[in-house]
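Q: Spelled out from the first residue to the last, the chains are:
2 protein chains.
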Amino acid sequence: MHIVSLIAALLQSTASAAAPPAPADPVEADWRAIPDDELMVMTLAGNRRVVIRLAPRYAPVHVDNLRKLARAHWWDGTSVYRVQDNYVTQWGDVTEKKPLPAGVVANPPAEYVGSRYDAVTRMTRPDPYAAKSGHSADGWPVASDGKAAWLTHCYAMVGVGRDMAPSTGSGAELYTVIGHAPRHLDRNIALVGRVIEGMEFLSSLPRGTGNMGFYAPDQVPTPILSVRLASDMPAAQRPHYQFRAADNARFAAWLRGRENREPPFFTVPAGGADVCNAMPPVRKAPVR
Amino acid sequence: MHIVSLIAALLQSTASAAAPPAPADPVEADWRAIPDDELMVMTLAGNRRVVIRLAPRYAPVHVDNLRKLARAHWWDGTSVYRVQDNYVTQWGDVTEKKPLPAGVVANPPAEYVGSRYDAVTRMTRPDPYAAKSGHSADGWPVASDGKAAWLTHCYAMVGVGRDMAPSTGSGAELYTVIGHAPRHLDRNIALVGRVIEGMEFLSSLPRGTGNMGFYAPDQVPTPILSVRLASDMPAAQRPHYQFRAADNARFAAWLRGRENREPPFFTVPAGGADVCNAMPPVRKAPVR
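Residue numbers (UniProt numbering), protein chains in the order written: chain A, 1 to 288; chain B, 1 to 288.
Bear in mind the hints are in silico, worked out from the structure with no lab data behind them. Honestly, I wouldn't trust all of these hints.
To be verified - Computed Cβ-Cβ distance ranges for the label pairs, DEER-style:
1. A:Val-287 - B:Ala-285: 50 to 60 Å
2. A:Asp-218 - B:Pro-263: 32 to 42 Å
3. B:Asp-37 - A:Arg-32: 28 to 38 Å
4. A:Pro-20 - B:Pro-264: 49 to 59 Å
5. A:Arg-48 - B:Pro-223: 20 to 30 Å
6. B:Pro-223 - A:Thr-209: 15 to 25 Å
7. B:Ala-253 - A:Glu-96: 51 to 61 Å
8. A:Thr-267 - B:Asp-64: 15 to 25 Å
9. B:Ala-253 - A:Val-27: 19 to 29 Å
10. B:Asp-37 - A:Pro-109: 52 to 62 Å
11. B:Ala-236 - A:Asn-107: 48 to 58 Å
12. A:Thr-209 - B:Pro-263: 26 to 36 Å
13. B:Pro-217 - A:Ser-226: 52 to 62 Å
14. A:Asp-218 - B:Pro-269: 31 to 41 Å
Unchecked claim - 20 Å max Cα-Cα, derived SDA-like pairs, lysine to any residue:
15. A:Lys-132 - B:Asn-47
16. A:Lys-147 - B:Lys-132
17. B:Lys-132 - A:Pro-269
18. A:Lys-284 - A:Asp-36
19. A:Lys-147 - B:Val-268
20. A:Lys-132 - B:Arg-71
Think of the CB as a built atom: it goes at the ideal place given N, C-alpha and C, for glycine as much as any other residue.
Sequences are here, hints too, so could you generate the full structure?
A: Structure representation (structure tokens):
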């Protein structure tokens with residue numbers, strides 16, 4: 001935690017650059033492209049760019065709604081209007097009166113759980129919220145009760161705001177987790193993605209002083225200038241991202257490293273970790 | 001998550017004000033005073049007040065150091081110089097050259113674990129980082145391997161920055177958790193308290209753009225105007241706080257409620273929770 005640690009860490013990373021690959025080091029093939037229509041780019045006032053990776057495999061109807069909302073430029077001119085400390089930052093149309101574009105399903109099915117457990121890894125220690133947890137091959141944190149499976153409410157995951165059950169929310173109002181994972185929301189809300197760039201712009205906003213972190217009348221919500229799918233942006237402006245695939249021994253070694261931190265800083269390895277402390281790496285695609 | 005939910009929640013709380021007490025409702029005796037010398041008040045520039053509850057029972061030598069540092073006004077004029085997203089906000093003397101006051105132990109013993117498990121509650125589901133976890137009677141989150149016990153690195157907990165092991169840090173540099181609980185730090189770092197007021201001032205600071213969230217040269221660290229023990233402040237200025245005691249059936253009922261959220265918002269109760277999602281309530285002492 002001291003500056004000394006920083007310098008030591010830098011020296012260590014310099015040294016390892018020349019060393020042979022460790023078991024946890026990915027090979028190039030482990031980095032796989034995230035499709036352009038699975039990246040949503042939100043631009044906040046002040047040139048703050050947020051990139052969200054979408055999860056159409058887990059919440060297809062909700063993600064289809066998100067794509068329609070983005071293509072209709074529906075979020076342009078809306079705002080980030082709720083920031084509740086250690087919980088969520090939420091955005092959309094604070095009035096809840098803006099009409100939805102044609103084709104958007106106002107109340108989709110409850111896409112909270114999937115029919116099968118598609119994780120290829122498993123955390124060593126038990127999960128307080130599920131029989132098991134791990135990662136899907138394409139880099140999502142997943143939990144299961146042995147029958148159904150679901151995405152987990154980890155930091156930076158994006159979910160769909162809704163009213164009281166059985167409402168599921170259209171996707172027009174979204175939130176992201178900015179504190180300790182509120183895993184009690186798992187299986188109760190649709191998760192549709194993960195913030196993979198610009199999370200700090202959502203997590204460091206002033207907290208709302210109204211009830212439940214809603215901005216009070218004397219607070220200024222953050223304007224949303226635009227939300228676009230990367231696939232709808234001019235090619236030169238599109239962000240390109242890759243996820244680290246979890247279906248290989250290198251990822252498994254990385255995961256065991258997350259569960260057992262090493263000297264010289266750590267002296268007691270935990271022997272396990274919460275899946276939310278082992279979020280699969282993503283990176284910007286290297287420029288070819 | 002919608003405004004409608006907010007209104008419903010408000011209506012619900014109005015209704016319950018007239019209802020008989022629920023099993024999870026505390027009685028007055030459950031609220032117990034936090035001693036004045038276990039409250040540390042940090043004032044940041046801009047009149048932002050942060051109050052930290054100290055944990056002398058768990059880290060006596062470190063907390064003794066903190067009291068000496070506060071009494072020497074050692075932190076006055078230092079700064080908050082590191083904010084790493086989803087990890088920690090850290091403060092103290094960024095130069096690491098300011099001499100420590102007389103009597104401060106430069107390298108205390110490793111007060112990472114205690115000799116006995118003093119929790120009076122136990123979480124229903126397993127903990128990914130320990131054989132068991134729960135709460136001490138005086139409202140601290142605790143984990144244990146069946147032999148030793150330790151405080152857990154939950155959101156808003158305060159720890160002591162240190163160099164590589166076997167350094168333990170003096171307490172001059174402190175951090176608080178601003179993201180998902182980095183429980184891998186448990187048993188590797190001394191925890192000395194919990195932020196119980198003003199956490200939002202530390203969690204919403206701009207993230208440091210330097211390595212590991214240290215502020216880069218073009219960023220302005222947040223000045224610390226003063227740090228004082230409440231017991232050293234004029235009586236009229238002292239904050240007064242109470243913790244909710246965990247040694248009673250009402251707290252146990254509250255905890256089961258945290259593990260099983262209820263309709264109308266929730267339709268699937270989790271059947272368990274992470275101890276960091278069940279942080280014991282604290283409140284300002286009512287004015288008599």
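Q: If a hint holds in the structure, say so; if it does not, say that too.
A: Going through the hints against the structure:
1. A:Val-287 - B:Ala-285: 50 to 60 Å: Holds, at about 59 Å.
2. A:Asp-218 - B:Pro-263: 32 to 42 Å: holds, 34 Å
3. B:Asp-37 - A:Arg-32: 28 to 38 Å: Given a distance of about 56 Å, which is not inside 28 to 38 Å, the answer is violated.
4. A:Pro-20 - B:Pro-264: 49 to 59 Å: Once the Cβ atoms are compared, 58 Å apart, the range 49 to 59 Å for Pro-264 (chain B) and Pro-20 (chain A) holds.
5. A:Arg-48 - B:Pro-223: 20 to 30 Å: holds, 25 Å
6. B:Pro-223 - A:Thr-209: 15 to 25 Å: holds, 23 Å
7. B:Ala-253 - A:Glu-96: 51 to 61 Å: Since the Cβ atoms of Ala-253 (chain B) and Glu-96 (chain A) sit about 35 Å apart, the hinted range of 51 to 61 Å is violated.
8. A:Thr-267 - B:Asp-64: 15 to 25 Å: Holds: the Cβ-Cβ distance is about 23 Å, inside 15 to 25 Å.
9. B:Ala-253 - A:Val-27: 19 to 29 Å: violated, 53 Å
10. B:Asp-37 - A:Pro-109: 52 to 62 Å: At 57 Å between Cβs, range holds.
11. B:Ala-236 - A:Asn-107: 48 to 58 Å: holds, 55 Å
12. A:Thr-209 - B:Pro-263: 26 to 36 Å: For Thr-209 (chain A) and Pro-263 (chain B) the Cβ distance comes to about 29 Å; the hint holds.
13. B:Pro-217 - A:Ser-226: 52 to 62 Å: violated, 32 Å
14. A:Asp-218 - B:Pro-269: 31 to 41 Å: holds, 37 Å
15. A:Lys-132 - B:Asn-47: Distance of about 46 Å is beyond 20 Å: violated.
16. A:Lys-147 - B:Lys-132: violated, 26 Å
17. B:Lys-132 - A:Pro-269: holds, 17 Å
18. A:Lys-284 - A:Asp-36: Given pair Lys-284 (chain A), Asp-36 (chain A) holds - Cα atoms ~13 Å apart, limit 20 Å.
19. A:Lys-147 - B:Val-268: With Cα atoms ~15 Å apart, Lys-147 (chain A) and Val-268 (chain B) stay inside 20 Å; holds.
20. A:Lys-132 - B:Arg-71: violated, 49 Å
Checked against the numbered hints given earlier, this structure breaks hints 3, 7, 9, 13, 15, 16, 20; the rest are met.
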